[in-house]
Amino acid sequence: MKVVVDGHELDLPAGTSAIDAVFAAGRDVPYFCAHSYLSPVGACRMCLIESGSPRKNPDGTFVMEGEGDAAKPKIFWFPKPMAACTMQATEGMHIRTAATSEVVAKSQAGMMEFTLLNHPLDCPTCDKGGACELQDRAFEYGYGASRFGFDRRHADKHYPLSDFIILDQERCIHCKRCVRYFEEVPGQEVLDFIERGGHTFIDTEEGGLPVGFQGNIADICPVGALLDNVARFRGRNWEYDHNPTTCTLCPVGCSITVDARNGRLERIVAGENREVNEAWICDAGRFGHGFASEGRLTGPLVRVNGELRETTWDDAIAAMRQGLAYTNPADLGLYLGSDSTLEEGVALEALAGLLGTRSVDHWPRYPVGVNAPAATMTDVATADAVVILGADLGEEAPVLELRVMEMLRGGIIPPEFPHGTAIADLRLVERPARHPERLAVIGPDSRLAGHAGIRVTVERASGGDLLGALLNPRTDEARAVLKLLTDAKQPVVILGADVLNSPSGAFATQISDLAMRTGAKVLAIPAGPNSNGLSHLNLVPRMGGLGYARLSDAPAAFISRLDPGKRARGFTVVHDTHLTDTARLADVVLPAVTNYEKRGTIVNLEGRLLPLRQSALNAGEAADLTRTLAALAEALGVRTKVRGLKSAQALLRERLGVNVENLPESGVIQSLGQRHEAPTGLRHTPNLWTERMVPKPNPSSDPRHLTIDPRWELPMAGQPGGDD
Amino acid sequence: MSYFADKQPLVADIFSRYPASPQGRRSALMPLLREVQNAFGYVSETHAAEIASLCGTTATEVRSVMSFYSTYHTVPTGKYHLQVCSTLMCALAGSDELWDHLVSTLDVQPGEVTGDGRFSVQKVECLGSCGTAPVVQIGDEGYYENVTRAKCDRLIKAMRADIPPPPDNPVPVTVREDGRQMTAKGERVGASIHDLAPLTGSEA
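Heads up: the sequence lines are chains A and B, in that order.
For the first sequence, this note's numbering gives the first residue as 6, with consecutive numbering after it.
For the second sequence, this note's numbering gives the first residue as 400, with consecutive numbering after it.
Bear in mind the hints are in silico, worked out from the structure with no lab data behind them.
Do not rely on the hints blindly, as some may be mistaken.
Have a look at the derived ranges for each label pair, beta carbon to beta carbon [what the hints assert, rightly or not]:
{"hint": "1", "chain 1": "A", "residue 1": "G212", "chain 2": "B", "residue 2": "Y417", "range": "43 to 53 Å"}
{"hint": "2", "chain 1": "B", "residue 1": "Y417", "chain 2": "A", "residue 2": "G240", "range": "24 to 34 Å"}
{"hint": "3", "chain 1": "B", "residue 1": "N437", "chain 2": "A", "residue 2": "A104", "range": "52 to 62 Å"}
{"hint": "4", "chain 1": "B", "residue 1": "R548", "chain 2": "A", "residue 2": "A438", "range": "51 to 61 Å"}
{"hint": "5", "chain 1": "A", "residue 1": "A438", "chain 2": "B", "residue 2": "G510", "range": "38 to 48 Å"}
Selected chain B positions facing chain A (in silico; Cβ < 7 Å) [said to hold, decoys possible]:
{"hint": "6", "residue": "F403"}
{"hint": "7", "residue": "T457"}
{"hint": "8", "residue": "A458"}
{"hint": "9", "residue": "T459"}
{"hint": "10", "residue": "E460"}
{"hint": "11", "residue": "R462"}
{"hint": "12", "residue": "S463"}
{"hint": "13", "residue": "S466"}
All C-beta atoms in this analysis are idealised placements derived from N, C-alpha and C, irrespective of residue type, glycine included.
Construct all of the structure, not just a fragment, from the sequences and the given hints.
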């Protein structure tokens, strides 16, 4: 399809919207309401263009213009500018943007003036200042001067939609992104326009926004109307160090940007990864970052006369050398958290090999892995049937829930252009028709079960053989699930904690049989954020070794970023970010970095290798596990192969055959070979919002905590606004 | 307090006018709201929630639709609900002054009902009768046109005595299948497609 934009001819796939044609041509057009993953509606009227198409005669030839060889199809222009986001580019269409058309430039400036009529000029105090679409576009496309002489409209400036989201009603430009987001993406229709005309505002009747995915509306709001209450008034956009990295609170591995200021983590916003999280992250990932900057351990602690005292790394190493002097190194248990990176895992594996220790474990993990064709997130979104077996996605992998919702509305994934994901995909529509019959949920109740066409409830008390209920169906519903799987062309089975925790002996074979029989791909949700990656390293108890469940029987232990609340029989070293209950019991406590300030690699639930990058957070002398293990090796008097990131990555290349240096931001899926499995003796209960992640109320943003001193009352106090 | 529980035939009738799909169910929102409003004079939150669950939508959307149209009320209205057009033509013809006169005479503000339960007032957007501005609509019945201060006083007096004059122009409310419009009182308004006759005579 040939389209001419500002005189440049380009070749575009059929179905491209005019706005994407403009960007594909390297030209610019302003827009506020269009969003790659939302339906285009043309609400803001900013993406105006002039467009025209050739017209055909009744005999099928084009209406021509010019004489002889110079003749070319005559372009019939629309009599007025059109919104580019809702218009499809067609064969031979001509488009003029503001760069070449006076009409467009003037209408955009007029539209901008119209939008700014009632938008307060809050930029010096607005949290969006410096990152505001409206601010940037007003500079680029506006008149640059105001003809407005009246008082502006005033409305509530601190209208809480929920604990996490504050609405500034004056700033809203009614682009409807948030309304469309809630009804199209998580399928929760909780926001809508109330009133009409100049009185319109956004509100909910549901008594707050549902926790799960509400934070995304703060990202997509093109102005500062919807703000992240956790990060509000913490800093200006240009003061933050923006660090694109990967979220490691659950196994999905969403792309995020960590915004830090003065060594504190102030805000997390979603990054785009088309393959994993598209542009969305869950509320836990966005708002649950308080722990990274609060109450951190910044230096090593050593127990002296029964009390933990601050010390230096050198003294801590000396204390470990002394404490472990009479312990056989092979008896030292090594335990690490499952959100550790692959580099840290391979460093631990190397040290364990060197010491000959058999008590190695990581937690949380499930006792069994699945050897069936693995489904990717995109497979889930584009499947024609999804069966969820014993999983509460809201706790285990929230963004996977959004991809399942995407499947329910037809699995339309916007195409990719050189300028990025399509800005307006015309196949996405408002209030899309959903296909609940494509989703079956077996197991306990969850948020997603409400959207499922087929529900099979299996009582956990009655043994709860969920897989059995699917393989040997006894009820009509269960038979319907099996039929759904058999009839579908690209089915996906998602396995969660309730099936993976206590698998029967034949579990692995049953799953691969089921996959073979039905052609289904299987997505087993790992227990920890990097359980998938760590399972490819030999980090499970070897013959005669003590697993994590039997940690307290170990003669001595090194525990990294795990909090079982108990210690080993003998000398115990804890490596953690905070002074946890376990750290309080330890002999030596070493400060750890959080995953926000780590470099390394994790493997998400699809088997995708994703990079972690280091944010500028103040963590004192904290070290990651690789360096801490080097210190431990020093204390034990051995020379380990891995002493830092580079040597760990070199070992990973040797060990798993992967090159994890310079991974692309969107990650790569690569086979990591054999898995190591072992019984755990423990049951893992997925819990996304851990206690330390729950945000503490911020006194400065809650007006109830404000104490007003009458001596400081200003003359304008009590009057609305103040921005004119 | 469920309003539609014992009105299944009515509910079925309303739903039968729309496609039997989730989208179709949502379309029944407005007639259901109208039904409740006709019965109580306004739609309470409880009833709005009931309608939301009947239509398979949320209370937020019901509120959104209700607040878009000035014809739905969330608070009780008086026996005579006076709606003053406040859009440009009426404003130029003095609807602001009329409004001030009305609220001070009746001592009532939007959302309130006078002590005797007779009057409530509301400013509404364009009533589409610019030629006879300023216009006041009374309930759902019709328009009082060219309402001067004197006319306003006369109307209020008549309403206080419960003998209001008929509206100058009744509101066409029903459109039948043949395109015929009927007023609330069942009078025919305008033409229907059956009244159309082919043009005869010489063509110009």
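Hints, verified against the model:
Against the hinted window of 43 to 53 Å, the Cβ-Cβ separation of G212/A and Y417/B comes to about 29 Å, which falls outside the hint. A hinted range of 24 to 34 Å is violated for the C-beta pair Y417/B and G240/A, which are about 51 Å apart. Evaluation of the 52 to 62 Å hint for N437/B and A104/A yields a pass: the beta carbon distance comes to about 56 Å. At roughly 55 Å, the beta-carbon separation of R548/B and A438/A lies within the given 51 to 61 Å, and the hint holds.
Take A438/A and G510/B: their Cβ atoms lie about 39 Å apart, and the range 38 to 48 Å holds. Below 7 Å, beta-carbon pairs count as interface contacts, and F403/B has none with chain A, the closest being about 19 Å; its hint is therefore violated. The interface hint given for T457/B is met, as the beta carbon of that residue sits about 5 Å from the closest beta carbon of chain A, less than 7 Å. Taken as an interface hint, A458/B checks out: its beta carbon lies about 4 Å from the nearest beta carbon of chain A, inside 7 Å.
Annotation: interface hint on T459/B holds; nearest CB of chain A at approximately 4 Å, less than 7 Å. Below 7 Å, beta-carbon pairs count as interface contacts, and E460/B has one with chain A at about 5 Å; its hint therefore holds. For R462/B, the interface hint holds, since its Cβ comes within 7 Å of a Cβ in chain A; the closest pair sits about 5 Å apart. Given the 7 Å rule on beta carbons, the hint for S463/B holds: about 4 Å separates it from the nearest Cβ of chain A.
Interface restraint check: S466/B against chain A, minimum CB-CB distance 5 Å, threshold 7 Å, status holds.
Hint compliance for this structure: hints 1, 2, 6 are not met, and every other hint is.
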